[in-house]
Amino acid sequence: MKRWRTKREHQIYSSKLFQALCRSRRTSSSTSAKELHQTADRVLSITAKGTTRWSRAILAAPLTAGTNMKKHKKAKVTVHTRLRKPVVNREKKKLPVVERKLKALRRLVPGCRKLSCNNLLEETSDYIAALEMQVRAMTAITEFLARGEAQAPTDRLGSIGNM
Amino acid sequence: MSSRRSRSRQSGASRITDDQIIDLVSKLQQLIPELRGRRPDKVSASKVLQETCNYIRSLHREVDGLSDRLSQLLASTDTDSDQAAIIRSLLM
Chain A
1 MKRWRTKREH
11 QIYSSKLFQA
21 LCRSRRTSSS
31 TSAKELHQTA
41 DRVLSITAKG
51 TTRWSRAILA
61 APLTAGTNMK
71 KHKKAKVTVH
81 TRLRKPVVNR
91 EKKKLPVVER
101 KLKALRRLVP
111 GCRKLSCNNL
121 LEETSDYIAA
131 LEMQVRAMTA
141 ITEFLARGEA
151 QAPTDRLGSI
161 GNM
Chain B
1 MSSRRSRSRQ
11 SGASRITDDQ
21 IIDLVSKLQQ
31 LIPELRGRRP
41 DKVSASKVLQ
51 ETCNYIRSLH
61 REVDGLSDRL
71 SQLLASTDTD
81 SDQAAIIRSL
91 LM
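Chains A and B, in that order, give the protein sequences.
Under the working numbering, the first sequence has 161 at position 161, and the numbering climbs by one with no breaks.
Under the working numbering, the second sequence has 5 at position 5, and the numbering climbs by one with no breaks.
What the hints contain is simulated information worked out from the structure, not anything from laboratory work.
Yeah, the Cβ is synthetic: ideal placement off N, Cα and C, and Gly gets one too.
Warning: the hint list may mix true and false statements.
In silico PhoX-like pairs for lysine-lysine, Cα to Cα no more than 25 Å straight-line [said to hold, decoys possible]:
1) A/K16 to A/K34
2) A/K34 to B/K42
3) B/K27 to A/K2
4) A/K49 to A/K34
5) A/K101 to A/K114
6) A/K7 to A/K49
7) B/K27 to B/K42
8) A/K101 to B/K27
9) B/K27 to A/K114
10) B/K47 to A/K101
11) A/K114 to B/K47
12) A/K103 to B/K42
13) A/K114 to A/K49
14) A/K2 to A/K16
15) B/K47 to A/K49
Negatives, chain A to chain B, calculated, CB over 12 Å [what the hints assert, rightly or not]:
16) M1
17) R3
18) L17
19) K49
20) G50
21) T51
22) R53
23) R56
24) A57
25) L59
26) A60
27) A61
28) P62
Using the sequences provided together with the hints, build the complete structure.
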């Protein structure tokens with residue numbers, strides 16, 4: 001988990017991502033934001049080197065063309081359950097809420113729907129750290145390209161490596 | 001104490017105990033920037049879980065926004081000629 005904070009990992013990811021983006025630009029004329037996000041996630045998972053469940057799940061998932069899969073999910077039954085159940089004591093009231101949120105967390109981290117609590121903690125913390133690095137790296141690339149538009153890129157690029 | 005432990009509901013394949021939840025929640029709290037400074041007993045479990053979900057969602061949204069911007073930038077700039085220079089500097 002700590003590796004996501006290292007400069008080395010940041011450099012590896014940002015350069016790999018940039019290469020992947022250039023490659024995809026050569027093959028197809030335009031890259032939608034969604035495809036780009038997918039590419040960014042896949043490169044992130046590759047950088048993880050298959051050590052975590054979420055990264056393996058991302059790589060195993062088929063590439064979706066653009067439909068939002070979330071529409072197919074069934075309506076949540078848990079909401080009705082909560083309304084129907086009378087509040088008997090504090091303990092019973094606590095569990096449904098916490099478990100519901102635990103379930104929501106499981107849905108957010110890829111590949112963790114049936115994971116136990118301890119493993120979920122590891123996956124979540126690694127996933128969050130990786131996402132934070134993803135944001136930093138993509139911001140750096142964006143600033144590069146934006147700067148590159150304005151002036152000759154060879155002079156000013158050294159400073160970005162320090163991010 | 002033992003009665004609390006046996007009162008957990010079956011969730012999927014694993015039985016989640018109260019202690020596991022408490023452990024998970026206290027460790028998660030350290031990861032979320034918003035909750036990091038607060039004392040563990042002052043923040044409820046559901047709040048930590050909620051904040052974790054919110055934080056992950058906000059990170060997703062941020063990456064969405066960055067993807068959007070990047071796709072626009074890539075479409076408008078010609079990166080092929082500078083590619084080597086950019087990669088070199090990304091690795092510095």
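Here is what the structure says about each hint:
1. A/K16 to A/K34: With a Cα-Cα distance of about 18 Å, the restraint between A/K16 and A/K34 holds, given a limit of 25 Å.
2. A/K34 to B/K42: violated (39 Å)
3. B/K27 to A/K2: Judged against 25 Å, a Cα distance of about 15 Å means the pair holds.
4. A/K49 to A/K34: Holds, because 23 Å separates the two Cα atoms, which is no more than 25 Å.
5. A/K101 to A/K114: Judged against 25 Å, a Cα distance of about 14 Å means the pair holds.
6. A/K7 to A/K49: holds (17 Å)
7. B/K27 to B/K42: holds (14 Å)
8. A/K101 to B/K27: Given pair A/K101, B/K27 holds - Cα atoms ~16 Å apart, limit 25 Å.
9. B/K27 to A/K114: holds (20 Å)
10. B/K47 to A/K101: Cα-Cα ~9 Å, so holds.
11. A/K114 to B/K47: Judged against 25 Å, a Cα distance of about 22 Å means the pair holds.
12. A/K103 to B/K42: holds (23 Å)
13. A/K114 to A/K49: Since the Cα atoms of A/K114 and A/K49 sit roughly 22 Å apart, the hinted pair holds (cutoff 25 Å).
14. A/K2 to A/K16: holds (20 Å)
15. B/K47 to A/K49: Distance ~33 Å between B/K47 and A/K49 Cα, so the pair is violated.
16. M1: Nearest chain B Cβ is 9 Å from A/M1, so the label is violated.
17. R3: For A/R3, whose nearest Cβ neighbour in chain B is about 15 Å away, the distance exceeds 12 Å, so it holds.
18. L17: violated (9 Å)
19. K49: Given a closest Cβ separation of 18 Å, the condition holds.
20. G50: The claim stands: A/G50 keeps its Cβ more than 12 Å from every Cβ of chain B (closest is about 21 Å).
21. T51: holds (18 Å)
22. R53: holds (14 Å)
23. R56: The claim stands: A/R56 keeps its Cβ more than 12 Å from every Cβ of chain B (closest is about 18 Å).
24. A57: holds (15 Å)
25. L59: Non-interface label stands for A/L59: nearest chain B Cβ at 17 Å, farther than 12 Å.
26. A60: holds (19 Å)
27. A61: At about 15 Å from chain B, A/A61 clears the 12 Å cut-off, so the statement holds.
28. P62: The assertion about A/P62 holds, with a minimum of 19 Å to chain B.
The earlier numbered hints that this structure contradicts are 2, 15, 16 and 18.
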